[in-house]
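Please construct the entire structure, taking both the sequences and the accompanying hints into account.
There are 2 protein chains.
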Amino acid sequence: MELIIYGGAVVTMKDDQLIRDGAIVIEDQKIVDVGKTSELLRRYPRGYERINAKGKVVIPGLVNTHQHAAMSLLRGYADDLPLQEWLEKWIWPIEGHMTAHDIYVGALLTAVESALGGTTTVNTMYHYTPDENEAKAFAEVGLRAVVGHVCFSWRKNEDKKALEDLARNWHGKADGLIRVSVDPHAPYTVDPEYMRELKTLCDELNEKYGSDGAPIIWHVHVAETSDEPEKIRRAFNINLRGGVVEYLDSLSVLDERVIAAHCVALTDEDIAVMKRRGVKASHNPISNLKLASGISPVPKMLEQGVTVSLGTDSPCSNNSADMFEVMKVAALLHKGVNKNPTLMSAVQVLRLATIEGAKALSWDSEIGSIEVGKRADLAIVSFAKPHLCPVHNEVSHLVYAAKATDVETVVVNGKIIVENGRLTTVNCEEVMEMAEKAKKSLLERLKRNVK
Amino acid sequence: MELIIYGGAVVTMKDDQLIRDGAIVIEDQKIVDVGKTSELLRRYPRGYERINAKGKVVIPGLVNTHQHAAMSLLRGYADDLPLQEWLEKWIWPIEGHMTAHDIYVGALLTAVESALGGTTTVNTMYHYTPDENEAKAFAEVGLRAVVGHVCFSWRKNEDKKALEDLARNWHGKADGLIRVSVDPHAPYTVDPEYMRELKTLCDELNEKYGSDGAPIIWHVHVAETSDEPEKIRRAFNINLRGGVVEYLDSLSVLDERVIAAHCVALTDEDIAVMKRRGVKASHNPISNLKLASGISPVPKMLEQGVTVSLGTDSPCSNNSADMFEVMKVAALLHKGVNKNPTLMSAVQVLRLATIEGAKALSWDSEIGSIEVGKRADLAIVSFAKPHLCPVHNEVSHLVYAAKATDVETVVVNGKIIVENGRLTTVNCEEVMEMAEKAKKSLLERLKRNVK
Chain D
10 MELIIYGGAV VTMKDDQLIR DGAIVIEDQK IVDVGKTSEL LRRYPRGYER
60 INAKGKVVIP GLVNTHQHAA MSLLRGYADD LPLQEWLEKW IWPIEGHMTA
110 HDIYVGALLT AVESALGGTT TVNTMYHYTP DENEAKAFAE VGLRAVVGHV
160 CFSWRKNEDK KALEDLARNW HGKADGLIRV SVDPHAPYTV DPEYMRELKT
210 LCDELNEKYG SDGAPIIWHV HVAETSDEPE KIRRAFNINL RGGVVEYLDS
260 LSVLDERVIA AHCVALTDED IAVMKRRGVK ASHNPISNLK LASGISPVPK
310 MLEQGVTVSL GTDSPCSNNS ADMFEVMKVA ALLHKGVNKN PTLMSAVQVL
360 RLATIEGAKA LSWDSEIGSI EVGKRADLAI VSFAKPHLCP VHNEVSHLVY
410 AAKATDVETV VVNGKIIVEN GRLTTVNCEE VMEMAEKAKK SLLERLKRNV
460 K
Chain Z
10 MELIIYGGAV VTMKDDQLIR DGAIVIEDQK IVDVGKTSEL LRRYPRGYER
60 INAKGKVVIP GLVNTHQHAA MSLLRGYADD LPLQEWLEKW IWPIEGHMTA
110 HDIYVGALLT AVESALGGTT TVNTMYHYTP DENEAKAFAE VGLRAVVGHV
160 CFSWRKNEDK KALEDLARNW HGKADGLIRV SVDPHAPYTV DPEYMRELKT
210 LCDELNEKYG SDGAPIIWHV HVAETSDEPE KIRRAFNINL RGGVVEYLDS
260 LSVLDERVIA AHCVALTDED IAVMKRRGVK ASHNPISNLK LASGISPVPK
310 MLEQGVTVSL GTDSPCSNNS ADMFEVMKVA ALLHKGVNKN PTLMSAVQVL
360 RLATIEGAKA LSWDSEIGSI EVGKRADLAI VSFAKPHLCP VHNEVSHLVY
410 AAKATDVETV VVNGKIIVEN GRLTTVNCEE VMEMAEKAKK SLLERLKRNV
460 K
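So the sequence lines, in the order shown, correspond to chains D and Z.
Residue numbers for the first sequence follow our numbering, so the first one is 10 and each next one is one higher.
Residue numbers for the second sequence follow our numbering, so the first one is 10 and each next one is one higher.
Derived by calculation from the structure, the hints in this document are not laboratory data.
All of these numbers come straight from a predicted model, not from anything done at the bench.
Given that identical chains are not distinguished, each listed pair holds provided it fits within a single copy or across any two copies.
In silico lysine to any residue, SDA-like type, Cα no more than 25 Å apart, as pairs:
{"#": "1", "residue 1": "K63", "residue 2": "R51"}
{"#": "2", "residue 1": "K45", "residue 2": "K424"}
{"#": "3", "residue 1": "K240", "residue 2": "L92"}
{"#": "4", "residue 1": "K394", "residue 2": "K449"}
{"#": "5", "residue 1": "K348", "residue 2": "P308"}
{"#": "6", "residue 1": "K348", "residue 2": "P238"}
{"#": "7", "residue 1": "K240", "residue 2": "I304"}
{"#": "8", "residue 1": "K446", "residue 2": "N402"}
{"#": "9", "residue 1": "K456", "residue 2": "H401"}
Dropping the structure here:
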């Protein structure tokens, strides 16, 4: 597609550059020019589809680095409960009845919600199932995604087959929109030997299906709660001498292709190890608060030079896929708990949700900022709203005042997938009907205890 | 107006009753019937305007118990700064240049934003100015408001005149939509003698203009930060022996018509005094986090039986007037910092934003719940959105997943003021233009240092 977006404020996230009355030229899947409107409309006088972004703000598509997309079917199913009761009495029993079709429909709903809210890339960890799965859902919506298969010690053979299938069928597919990952669930559900095996398997899959520019990454929950060392002790009779990241490092599984979700209960040495190995963090403030997991030491990680990105976590523990909300809560929370209003400035938080998110997924050579040569993944945010009026500072508004519903147009890989707030790729109403129907059938099967 | 809203899920907030496929009958300004759709459509077969709320959820209008509405003109003007620098170098200098017209326009913008987002009552503290002021703005939008005049020791005569004018001109006016309040700024800016005088003045104004059913209340910032005792010491050479609420109590100014905003740095005895005197709290979690003021002991206040309500605080320290956001952050924050996911359940938070808010403003005989005899103040929230799909639990969605922009219809005092997401009372685009123009002129005057 050949497209010029012009007349808007372009928040490039390349060196925090903001171009007022800026323009972006897109050819096929890529950004080929960025600059002032006056200049670019002269340089490209004809032949391009045009979008007038006057009064609007153009941002790189937001990158959500931790999701369990399929779980949208359980949004609001159980809240405000003690963690173990929530998991054991509510979430796990109903998840046990989810079919491949449910996983596909749930992911479709999350992909739709994400796209409409200006999120163009989602990193999702769930169960891979052949035929119908999360990858298919994201590809249909036209969203960029890293789709993983979550691994547990109790199903090694099944996992390994699923990972091989996932990588073969999906890595680099759908015009390069879909990449895959190897997802050990957590240090207390994956034994040390299997943890190492999964790292080796990731390397092997990279040899077969990945490349330096498009690697298969490793996505794992790390230190979500402070009792994780105790959980590891109980599960594997291992007494940690330091933090959980140090433990993982002792297994030689950490490198720059690892994204660690949550990173709440970290020691200083854990942070030093993350920096040393190039491990990336996904910060999920809403989920961490809702599940009362604790508060991640994000300012400390940033100070130490660790790459920190933002995630919503599942629609069960959030309960939405709204990255604007996550940005605002991330900006607020660390100021509040550290009693320092200068922490997590608006521009820093916007970096975490864009370029740092791209880095966290080892995808920053192609996405995360609006610059020449990158894929055209962007969102146009309408500022003609009372809650975004008047305009003193666009970046402040994006983080502290804008809503996902202010997103008007979304472009992924050069293709318009949301236009005037409506999806162009799938029928939103049909997806909602499918989700409501899948939910009803799921509750029915749960009640009758039929799989 | 005669109106039936039918077919929706009615979240009454009277004993937490939820009526699926419920209906509400409104005559003139009041709710005259609430029940099942089938029954009410039979009982009122003709002559009523009808709104089909199928697939929607009807809630009492949200009550925002702490605002400085005029400050929307400064939204995003200065963020992420140390508190004193923010106030002294940024906020106070520009506020010094705000005219009565600016105050009116700023309040108009906040009223518009509030109404569109399902907030039907706002408690706002700012400077009263004759002719153009906050009360006029709220009345024009058709919103319910308690409009105060903020008082400081350095301008006693001016304040007393303003309060008298405000009460005479506005208390009970605009069909009873507007009430007024006496607003000592804070214990460190209002000396003890003046604090007492303002209480006496409030009593006198109540004698002249108020009534038991419609009192003039007392709205004051209390214990926003932990250094407030030190600020009081510096200002008035008073050494507090206990907390700030105890200090106010020693001045005999506390009773059930007092609403204390923030209540962050409270002692246990402060909470006991609040309970004993019937003082109400306005909790402003977003503002408290953004300004790094600290975290209010809300669960403790609730446990002790103190009435707690929710507020956004000013558009400068939030930066929006969105009560859905405040509900979500209130539900999340206390779980997280207290490491207890059962605190602040969805229904409890919704109570704080509705019926408890009404109590906090001494207005619960007329608003705060959907029940027969109360004023018809309500919002219809569309649930036909991907982020509100599927529906397991309406109340969970209202707190954890809904957005202000999901509000479709708003009724205040029996009158539809928002229909299909558009205001019926004022022209939203014109208000935004006025605000942008006022902002430009304000910045120009600040630059040239012209008042």
